[in-house]
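These are the residues of each chain, in order.
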Amino acid sequence: MESLTWTGSLSVLDPIFLLAWIAFGIAVVAQIAATFFAAEDLVEHEVSAPTRKLAEYAVLGVKIIAGLILLLMLVYVVGGVLMPTLDTKGIVGAVSTRLLPVWIALLVTFAASIYFKRRLGLYGKLFDSMVGMIGFAIVMFWVFTAIFGAMDLIVTHDPLAQVSGMKNKVPGTALPDVEGAFPYYLLGGDNLARDVFSRVVKGAWEVVKVAPFATLFAFMVGITLGLPAAYFGGRLDTILSFVSNLILAFPVILLFYLLVTPEIVQTGIPVYMAAVLFIFPIIFMVILINSRFYVQPMKRSVYLVIVLVLGLWIYSGVAWNSDPLGLIEFPPNLLVVFVSVVFVNSPTVFRIVRGIALDIKTRDYVAAGQTRGEGPWYIMLWEILPNARGPLIVDFCLRIGYTTILLGTLGFFGLGLSPESPDWGSTINDGRKLLSIFPHPALAPAFSLMSLVLGLNLLADGLREESLRD
Amino acid sequence: MGVFILRRIGVMILTALCLTFVVFFLTNLYPALEKLAKTQGNQRMSDDAVVSYLERNGHLQPLLVKYGQWLGVIPGHVHENPETGAITARCATRGMDPSEAPRFCGLLQGDWGFSTVFKDDVSSIIATRLGLTGKLMFWVLVVMVPSALIIGVLAGMREGSRLDRSLSTFSIASTATPEYVSGVILITLLASSAGWKIFKGTATSAADNATLENFLLPVLTISLYGVGYIARMTRASMTEVMTAQFIRTARLKGVSFRNVVLKHALRNALIAPFTVILLQFPWLLNGVVIVETLFNYKGFGWVLVAAAGNNDISLLLACSVVAVVVVLVTQLISDIGYVFLNPRIQIS
Numbered sequence: 001m002e003s004l005t006w007t008g009s010l011s012v013l014d015p016i017f018l019l020a021w022i023a024f025g026i027a028v029v030a031q032i033a034a035t036f037f038a039a040e041d042l043v044e045h046e047v048s049a050p051t052r053k054l055a056e057y058a059v060l061g062v063k064i065i066a067g068l069i070l071l072l073m074l075v076y077v078v079g080g081v082l083m084p085t086l087d088t089k090g091i092v093g094a095v096s097t098r099l100l101p102v103w104i105a106l107l108v109t110f111a112a113s114i115y116f117k118r119r120l121g122l123y124g125k126l127f128d129s130m131v132g133m134i135g136f137a138i139v140m141f142w143v144f145t146a147i148f149g150a151m152d153l154i155v156t157h158d159p160l161a162q163v164s165g166m167k168n169k170v171p172g173t174a175l176p177d178v179e180g181a182f183p184y185y186l187l188g189g190d191n192l193a194r195d196v197f198s199r200v201v202k203g204a205w206e207v208v209k210v211a212p213f214a215t216l217f218a219f220m221v222g223i224t225l226g227l228p229a230a231y232f233g234g235r236l237d238t239i240l241s242f243v244s245n246l247i248l249a250f251p252v253i254l255l256f257y258l259l260v261t262p263e264i265v266q267t268g269i270p271v272y273m274a275a276v277l278f279i280f281p282i283i284f285m286v287i288l289i290n291s292r293f294y295v296q297p298m299k300r301s302v303y304l305v306i307v308l309v310l311g312l313w314i315y316s317g318v319a320w321n322s323d324p325l326g327l328i329e330f331p332p333n334l335l336v337v338f339v340s341v342v343f344v345n346s347p348t349v350f351r352i353v354r355g356i357a358l359d360i361k362t363r364d365y366v367a368a369g370q371t372r373g374e375g376p377w378y379i380m381l382w383e384i385l386p387n388a389r390g391p392l393i394v395d396f397c398l399r400i401g402y403t404t405i406l407l408g409t410l411g412f413f414g415l416g417l418s419p420e421s422p423d424w425g426s427t428i429n430d431g432r433k434l435l436s437i438f439p440h441p442a443l444a445p446a447f448s449l450m451s452l453v454l455g456l457n458l459l460a461d462g463l464r465e466e467s468l469r470d
Numbered sequence: 471m472g473v474f475i476l477r478r479i480g481v482m483i484l485t486a487l488c489l490t491f492v493v494f495f496l497t498n499l500y501p502a503l504e505k506l507a508k509t510q511g512n513q514r515m516s517d518d519a520v521v522s523y524l525e526r527n528g529h530l531q532p533l534l535v536k537y538g539q540w541l542g543v544i545p546g547h548v549h550e551n552p553e554t555g556a557i558t559a560r561c562a563t564r565g566m567d568p569s570e571a572p573r574f575c576g577l578l579q580g581d582w583g584f585s586t587v588f589k590d591d592v593s594s595i596i597a598t599r600l601g602l603t604g605k606l607m608f609w610v611l612v613v614m615v616p617s618a619l620i621i622g623v624l625a626g627m628r629e630g631s632r633l634d635r636s637l638s639t640f641s642i643a644s645t646a647t648p649e650y651v652s653g654v655i656l657i658t659l660l661a662s663s664a665g666w667k668i669f670k671g672t673a674t675s676a677a678d679n680a681t682l683e684n685f686l687l688p689v690l691t692i693s694l695y696g697v698g699y700i701a702r703m704t705r706a707s708m709t710e711v712m713t714a715q716f717i718r719t720a721r722l723k724g725v726s727f728r729n730v731v732l733k734h735a736l737r738n739a740l741i742a743p744f745t746v747i748l749l750q751f752p753w754l755l756n757g758v759v760i761v762e763t764l765f766n767y768k769g770f771g772w773v774l775v776a777a778a779g780n781n782d783i784s785l786l787l788a789c790s791v792v793a794v795v796v797v798l799v800t801q802l803i804s805d806i807g808y809v810f811l812n813p814r815i816q817i818s
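Protein chains in written order, with the working numbering: chain A, 1 to 470; chain B, 471 to 818.
Heads up, a few of these hints could be off.
Each computed PhoX-like pair below joins lysine-lysine, with the alpha-carbon atoms no more than 25 Å apart [unchecked claim]:
#1 A:Lys433 to B:Lys768
#2 B:Lys723 to A:Lys433
#3 B:Lys667 to B:Lys589
#4 A:Lys167 to A:Lys433
#5 B:Lys589 to B:Lys505
#6 A:Lys167 to B:Lys667
#7 B:Lys733 to B:Lys723
#8 B:Lys589 to B:Lys768
I should point out that these hints are in silico values taken from the structure, not numbers from a laboratory.
Since we're looking at a predicted model, the values are computed, not measured.
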């Protein structure tokens, strides 16, 4: 069978697409040059008429061409889904057909969110900012891809299966013999003859299942330690700040190498670290509930028992891998990765929380709370923390992106995860040895990782913009 | 000021001691030592042989004693074999009669130990490799700092303009691209048969003879990740300055926009980026390790990976000392520099 072309029957549009991109480049440069000349003078009427005209044309041109490019991309994606056979779909069309559940989920999410946006608080406001929407769309694209990928709706092949004759084959190569399997390697084969497309999709799940939770844990640790450090100050603050500076002064890669090597894992140190780090969410929840319902002992006891039972059950399963019911288990090598990422992130969160809390501590409403006789923990968790949420939410988004980069770094050095793992970092590491001859196995995960982190950064930017407007 | 610097140096030494102790502890755990013994002796060593090897080389002493020996405040380990009477001493260099070895040998005596992987003195390895990384870092700074400052100032001088938006998008994209991604993309575009083959995908030869062909890509890869962050900080600081009263005064006096930016705003806007650039050093160190691995440039980062991968204790400790000292010294300089640059800050 013949190999697939990139765009199939829609390839008539390719020259237009290429021309549009070239025109876009020229227009952007022209626009920057024009603003540069216009920037000579701050006051508008001082700008000479021809320069201003030029600038306006450039801006208009960029807008039109960007619109055209977006339209063409939409045509490629939608047209690819609508084309009848794989031959006419081309690689782009076939990939977009495989991603059909993702497109539908994205459309539903956006339609619902925009329709109800006035009732959704900060999340709804996100849809007022273009940057925020683009970021959110990219992030949700990867989240849905990961989830549907894990449900085996998207992948075309087993990410670990090797098909002979498909080693390092370029994207769109047909399989030598098809028996019920998908007839093409859409994004080519890697150096072990595995399907790059399926591996990238499965790799998204590796990131989505670790990065947000690791960041959340780091935030729990950082908040539980940062608030008292700022509120009480004194020796506690000195000691905690010293320890956090200590960890921050460590080069991240050295720390990873020291924590994630098999010899260290053998000694059980990561498990002890997990035991310490994972207790923080429970402490956090207990203090949160205790300080809130201190005056309603009945309610407090009920909530505390629920949290403690649930928390300790999950804790015993996750940290010690000894869940009495045998329901929760955590693969040991994933635990090591998780722990080291949380460990690296916590001190930075600690610093941020401490900085914000130091500022908020001096506000009048905190003094009012103290005069009312509120306890220190109530003030910290129910007065200071909710008022620090804006910057913390923004940082949370940025930090998920940073955690994704850290996970990629771990994979890139072959640390922690199993060598066959389809996560993006490991795949880039596999592909880099033959980069100058067969770049495609490393390029696909590289672009995926970049777009996810970019999406998270844009999302954080949109959130920052909207939360500042409050 | 003097007291401030002295206190900072005190904290710095304490931090360095703590950190090296942590590294020492982690590299001296028994499974790590067992691996060391087996790589040094042979893979099929019996447990007894491992223990006797470790005993002979002083690895089984208490941790604090070993740490003291490494620092050079406790006399070096001397072991006498009860059967043969052969003496092995920690302080005896290869080929030296163990009985003539000096009593102390540690960091304080300038003895960094012997690398088990490279079979050479750690101090000489670190010196040559650091020199190579220094060369890389120098060019990274030459590329990164001016371009980041220019981008930041251009974007920040007119907040919200189109120029600002395009440059800010570029900086966001660059902070979202870690070195191992941008490196892969750059190699594919500029050094592979699929793209334009004008540069080299490896920088091994750059160690002796750095040319544009073999050195541009690694330098560009590290710079790209740092540029975005510094540019964003510069932009933030520049926009803040541009809304200040004295800028408005200058404009109302009739100073041209160009002169306002170059003579009034720039100087005040560059205080914050100065600290940011110095605090970027720990991140640059990270980037160096990734890029040296990716481009196979045998500098400090490459040695760190080799040492960590083979549990070469002395070399790994030396690497961590160097890394930690670099981080702490840049922090100190950035604090002191900030005080000098910004007269509004007083330290009592």
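Consistency of the hints with the structure:
1. A:Lys433 to B:Lys768: holds, 16 Å
2. B:Lys723 to A:Lys433: violated, 62 Å
3. B:Lys667 to B:Lys589: Measuring from Cα to Cα gives roughly 38 Å; hence the hint is violated.
4. A:Lys167 to A:Lys433: At roughly 14 Å apart (the allowed maximum being 25 Å), Lys433 (chain A) and Lys167 (chain A) satisfy the hint.
5. B:Lys589 to B:Lys505: holds, 17 Å
6. A:Lys167 to B:Lys667: Holds, at roughly 23 Å.
7. B:Lys733 to B:Lys723: holds, 14 Å
8. B:Lys589 to B:Lys768: holds, 16 Å
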